[in-house]
Amino acid sequence: MENVRLHFVKINNAKYLSHLDTYRAIMRAIGRTDLNVWFTEGFNSHMFISFPLPLSLGMESTCEVADIKLLYPTDYVAERINAFLPEGIEVFNTTTPKMKTAQIAYAKYIIELDDLSVSQKDLAEKLRTFMSKDEIMLKKTGKKGKETVFNAKDKIKDYYIDGSGKKLMMVIVCDAGPTSNLNPAAVIEAFSEDIGREIDHISVRRIKILTADMKEFE
Amino acid sequence: MDYTLEKILRSVQKPARYIGGELNSIVKKKNEVDYRLVFCFPDTYEIGMSHLGMKILYSIYNSIPGVWCERCFAPWTDMADELKKYGYRLFALESKDPIGDFDAVAFTLQYEMSYTTILYMLDLAGIPLLASERGEDDPIVFAGGPCACNPEPIADFFDFFALGDGEEISVETVECLRKCKREKLSRKDTLMELSKIEGVYVPQHYEVTYKRDGTVKAIRNTVGGPKTVKRRILTDLDTAYYPDKIIVPLIEIVHDRVMVEVLRGCIHGCRFCQAGFIYRPQRYKSAELINDQTSCLINNTGYSEVSLTSLSTSDHPELGDLLDRLISWTEERKINLSLPSLRIDNFDSSIIDKTTRVRKSGLTFAAEAGTQRLRDVINKNVTEEEIHGTCRIAFEEGYTSVKLYFMLGHPTETDEDIKGIADLSQSIVDLYYSLPTRQKGKSVTVTTSVACFVPKPFTPFQYVGQDTVEEFERKQRLLKDSIKSKKISLKYHDARTSVAEAILARGDRRLCQVVLDVYRDGAVFESWDEGFSFERWTRALEKNGLSLDFYTSRERSTDEIFPWDHLDYGITKRFLKKEYERAMSGETTPACTEKCSACGVARMLGRPCFGKR
Ligand code: SF4
Numbered sequence: 005m006e007n008v009r010l011h012f013v014k015i016n017n018a019k020y021l022s023h024l025d026t027y028r029a030i031m032r033a034i035g036r037t038d039l040n041v042w043f044t045e046g047f048n049s050h051m052f053i054s055f056p057l058p059l060s061l062g063m064e065s066t067c068e069v070a071d072i073k074l075l076y077p078t079d080y081v082a083e084r085i086n087a088f089l090p091e092g093i094e095v096f097n098t099t100t101p102k103m104k105t106a107q108i109a110y111a112k113y114i115i116e117l118d119d120l121s122v123s124q125k126d127l128a129e130k131l132r133t134f135m136s137k138d139e140i141m142l143k144k145t146g147k148k149g150k151e152t153v154f155n156a157k158d159k160i161k162d163y164y165i166d167g168s169g170k171k172l173m174m175v176i177v178c179d180a181g182p183t184s185n186l187n188p189a190a191v192i193e194a195f196s197e198d199i200g201r202e203i204d205h206i207s208v209r210r211i212k213i214l215t216a217d218m219k220e221f222e
Numbered sequence: 031m032d033y034t035l036e037k038i039l040r041s042v043q044k045p046a047r048y049i050g051g052e053l054n055s056i057v058k059k060k061n062e063v064d065y066r067l068v069f070c071f072p073d074t075y076e077i078g079m080s081h082l083g084m085k086i087l088y089s090i091y092n093s094i095p096g097v098w099c100e101r102c103f104a105p106w107t108d109m110a111d112e113l114k115k116y117g118y119r120l121f122a123l124e125s126k127d128p129i130g131d132f133d134a135v136a137f138t139l140q141y142e143m144s145y146t147t148i149l150y151m152l153d154l155a156g157i158p159l160l161a162s163e164r165g166e167d168d169p170i171v172f173a174g175g176p177c178a179c180n181p182e183p184i185a186d187f188f189d190f191f192a193l194g195d196g197e198e199i200s201v202e203t204v205e206c207l208r209k210c211k212r213e214k215l216s217r218k219d220t221l222m223e224l225s226k227i228e229g230v231y232v233p234q235h236y237e238v239t240y241k242r243d244g245t246v247k248a249i250r251n252t253v254g255g256p257k258t259v260k261r262r263i264l265t266d267l268d269t270a271y272y273p274d275k276i277i278v279p280l281i282e283i284v285h286d287r288v289m290v291e292v293l294r295g296c297i298h299g300c301r302f303c304q305a306g307f308i309y310r311p312q313r314y315k316s317a318e319l320i321n322d323q324t325s326c327l328i329n330n331t332g333y334s335e336v337s338l339t340s341l342s343t344s345d346h347p348e349l350g351d352l353l354d355r356l357i358s359w360t361e362e363r364k365i366n367l368s369l370p371s372l373r374i375d376n377f378d379s380s381i382i383d384k385t386t387r388v389r390k391s392g393l394t395f396a397a398e399a400g401t402q403r404l405r406d407v408i409n410k411n412v413t414e415e416e417i418h419g420t421c422r423i424a425f426e427e428g429y430t431s432v433k434l435y436f437m438l439g440h441p442t443e444t445d446e447d448i449k450g451i452a453d454l455s456q457s458i459v460d461l462y463y464s465l466p467t468r469q470k471g472k473s474v475t476v477t478t479s480v481a482c483f484v485p486k487p488f489t490p491f492q493y494v495g496q497d498t499v500e501e502f503e504r505k506q507r508l509l510k511d512s513i514k515s516k517k518i519s520l521k522y523h524d525a526r527t528s529v530a531e532a533i534l535a536r537g538d539r540r541l542c543q544v545v546l547d548v549y550r551d552g553a554v555f556e557s558w559d560e561g562f563s564f565e566r567w568t569r570a571l572e573k574n575g576l577s578l579d580f581y582t583s584r585e586r587s588t589d590e591i592f593p594w595d596h597l598d599y600g601i602t603k604r605f606l607k608k609e610y611e612r613a614m615s616g617e618t619t620p621a622c623t624e625k626c627s628a629c630g631v632a633r634m635l636g637r638p639c640f641g642k643r
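Going line by line, the protein sequences match chains A and B.
So the first sequence is numbered by the numbering used here: it starts at 5 and just counts up by one.
So the second sequence is numbered by the numbering used here: it starts at 31 and just counts up by one.
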């Protein structure tokens, strides 16, 4: 059996696909190829696919990973699958997994903001002020529907704001993975609420999945 | 995508409903097309995308060079709120262009309770709701589908209707529309040209007058056109267009699988079933073709499930051969076959076995009535022994749950017939426990699902008065009290929805104002429980001086002129009257393949329906 890690992008309209829909799209694309993938055993046999770090609805990514198992080594895996993927999802590399899901600790995102009625300088200033607060309190609904509040700043490792381009940009590194995770879109939502404006354009793109020692997840 | 649409999509549930871009969706270059239409389904994406007819028509329209057909579904209310908030007009999925700017807007009429959703979509698109208020720059709005057999309650909202099978008329009408556009004909002249196509019904060409008692006095073509409009019949399914690709949605939809139509129409003639009459005669595809179409669609979509659809799949004369062909390759590829619409009377264990090689799913049977007497009245020719025989086979194959469908409110129904539903369900529970082969320790579930009867045009029961809401509810209580076993799970539909449906099913043109008022009163997504309110309908009827009973519970005389009498579906009134009389005297009518009952369709077809072609 061959463990294969698919590295793919999820951009443009594909950002509107939920994780479950993405899973189904990839499974279906693989189903259309002649690849001999491993199916789980048992009553409800289905194709084995595992996603080490699911992406939230509305976000783009250039560094997604999914693991599958092939019955024997096969060439051109990416090309075969790509032929059947919907627009916006594309496998750009396949590797043999070196790391385990549990090693994921952080992820790096690029956030772009554009507001047609606020000058960029202004918006950048406001964002700087907001981000430099000691506390950015966010709400989180737990499994039983109970709301808890946490400080997002505890989960932000690093960030950088660049107001020199056409759109306001922020690069942010924050907790990712099953133990502690932060959705940076929630931070922007809180920012938007804070300044009392609906920002016209927000794009959040994941660009790196990182381990505890800031190495790229392989 | 512009910032506004981005913002809108960011704030709605399931944005993927509105983005298009699915595998096999069709995007053409705007400068290479000269006619653009949009196929609208008046329900959510998930429901509309599950509909086979829309997939076929989408493909047909787009197979015409120079024509681009896109899709549009009813946006959920959260999306509608956002669209209104930003003044953003309803758009088509493929290009995101507003549908109000298209050349033509087509709707499919699958169920009456979607009518108000049609108005909701037109409104969101900024298209005038009334055909008479549309200008030269507005799109031509038309519709087809089963409810087009009596489109009178929505006649004012449409420029034309296409009656009958859609495969050919869709191409002919779009070619005609294109020609009219090229020649810059006015709306009025365009409709005149269209009306020359067989199957096209232009409601504004007809004038309806009423008698004092509210029934129709006369229906007259006021522009010198045909007195009646004949529906279209496809004579051969084997040569009919069938898509080799279908769109694979990105999000989960209701029927998320390949669907292959195996036959159209039905040979049985259950007297309550409109589909059993308006799609006559039964026509089937050859096993070889079905097998080819299935494999082609599986290869082009990546689905691992296929459903063989029809009104009654087990009536396919080559079903055994077909299943053998399919299983020869689907099993190995782990493709699941499902056969909805099996009938109880011609069911054998080899079929169960073949359809469940990959995965077991539930079995459903339509018994329709609880006693043999009533089943004879409705011409549902299955016996209690057959139902038992079938359930025994199912149980012996390892099934532990079966679902039975019934209807309340059939003509001549008595309380004994209702208790019969409980008795029949109970006898199936008992049957399970009497079988020595049953799996030890496993219990059985019989789901008894009970709908309310709605009298429909072009059926022998078009004359029948429907039960009132109170009567339906009394019957539901009686049934509930008659069921003693916990192994029977009783499900019944809301009687009020069925009564509202009945208003529209046999309604006339005066209801257009009622539909409009109900919509203005806030109705949308009425086929969903949360969207429906009966009071809106009674209010609107009252406001317009119309009576509920006139449309629903009134028994109609066999010589009454019906609002749909100018539409010819091939079935003669003489036949329907005769069938109604036979029903009242409990006489059954054999299936078409046993004996032709001269319903009139063969005459329209110009040859006998079965036998030598
Ligand atoms: S003409 Fe005869 S065979 Fe044909 S549909 Fe009618 S009853 Fe059936």
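In case anyone wonders, no lab produced these hints; they're calculated from the structure.
Keep in mind the model is a prediction, meaning the values are calculated, not measured.
Do not take every clue at face value.
[Unchecked claim] Not close to chain B: a few residues of chain A, all C-beta gaps over 10 Å, as computed:
(1) Arg32
(2) Thr100
(3) Pro101
(4) Lys148
(5) Glu202
(6) Lys219
[To be verified] Simulated restraints, written as ranges between beta carbons of each label pair:
(7) A:Asn86 x B:Asp266: 33 to 41 Å
(8) B:Glu427 x A:Met5: 50 to 58 Å
(9) A:His50 x B:Glu501: 45 to 53 Å
(10) B:Gly156 x A:Lys170: 28 to 36 Å
(11) A:Ser54 x B:Lys114: 38 to 46 Å
(12) A:Asn86 x B:Tyr141: 55 to 63 Å
(13) A:Lys170 x B:Lys115: 49 to 57 Å
(14) A:Asp162 x B:Asp551: 30 to 38 Å
From the three backbone atoms N, C-alpha and C, an ideal C-beta is built for every residue, glycine too.
Notebook entry, point to check: Does the no-contact call for A:Lys148 survive, Cβ to all of chain B over 10 Å?
Noted result: holds (22 Å)
Notebook entry, point to check: Within 49 to 57 Å or not, the Cβ separation of A:Lys170 and B:Lys115?
Noted result: violated (27 Å)
Next item on the list: Go ahead and decide if the range 55 to 63 Å is satisfied by the Cβ distance of A:Asn86 to B:Tyr141.
Entry: Roughly 40 Å apart at Cβ, these two residues miss the hinted range, so it is violated.
Check: Is it correct that the beta-carbon of A:Arg32 has no partner in chain B closer than or equal to 10 Å?
Finding: violated (4 Å)
Next item on the list: Given the hint of 38 to 46 Å, check if A:Ser54 and B:Lys114 actually sit that far apart at their C-beta atoms.
Entry: Between A:Ser54 and B:Lys114, where Cβ atoms are some 42 Å apart, the hint holds.
Check: Once the closest CB in chain B is found, is it more than 10 Å from A:Pro101?
Finding: holds (25 Å)
Checklist line | Assertion that A:Lys219 lies farther than 10 Å from chain B (Cβ) | finding: Given that every Cβ of chain B is farther than 10 Å from that of A:Lys219, nearest at about 33 Å, it holds.
Note to self: At 10 Å, judged by beta carbons, does A:Glu202 keep clear of chain B as stated?
What the structure shows: Violated, because the least Cβ-Cβ distance between A:Glu202 and chain B comes to about 7 Å, which does not exceed 10 Å.
Check: Would you say the C-beta atoms of B:Gly156 and A:Lys170 sit inside 28 to 36 Å of each other?
Finding: For B:Gly156 and A:Lys170 the Cβ distance comes to about 33 Å; the hint holds.
Checklist line | 50 to 58 Å as the expected CB spacing between A:Met5 and B:Glu427, which holds or is violated | finding: violated (35 Å)
Margin query: Just to be sure I understand the hint, the distance between the Cβ atoms of A:Asp162 and B:Asp551 should be within 30 to 38 Å; is that true here?
Written below: This hint is violated: roughly 56 Å between Cβ atoms.
Notebook entry, point to check: Would you say A:Thr100 is clear of chain B, with no C-beta pair closer than or equal to 10 Å?
Noted result: Non-interface label stands for A:Thr100: nearest chain B Cβ at 25 Å, farther than 10 Å.
Checked against the numbered hints above, the structure violates hints 1, 5, 8, 12, 13, 14; every other hint is satisfied.
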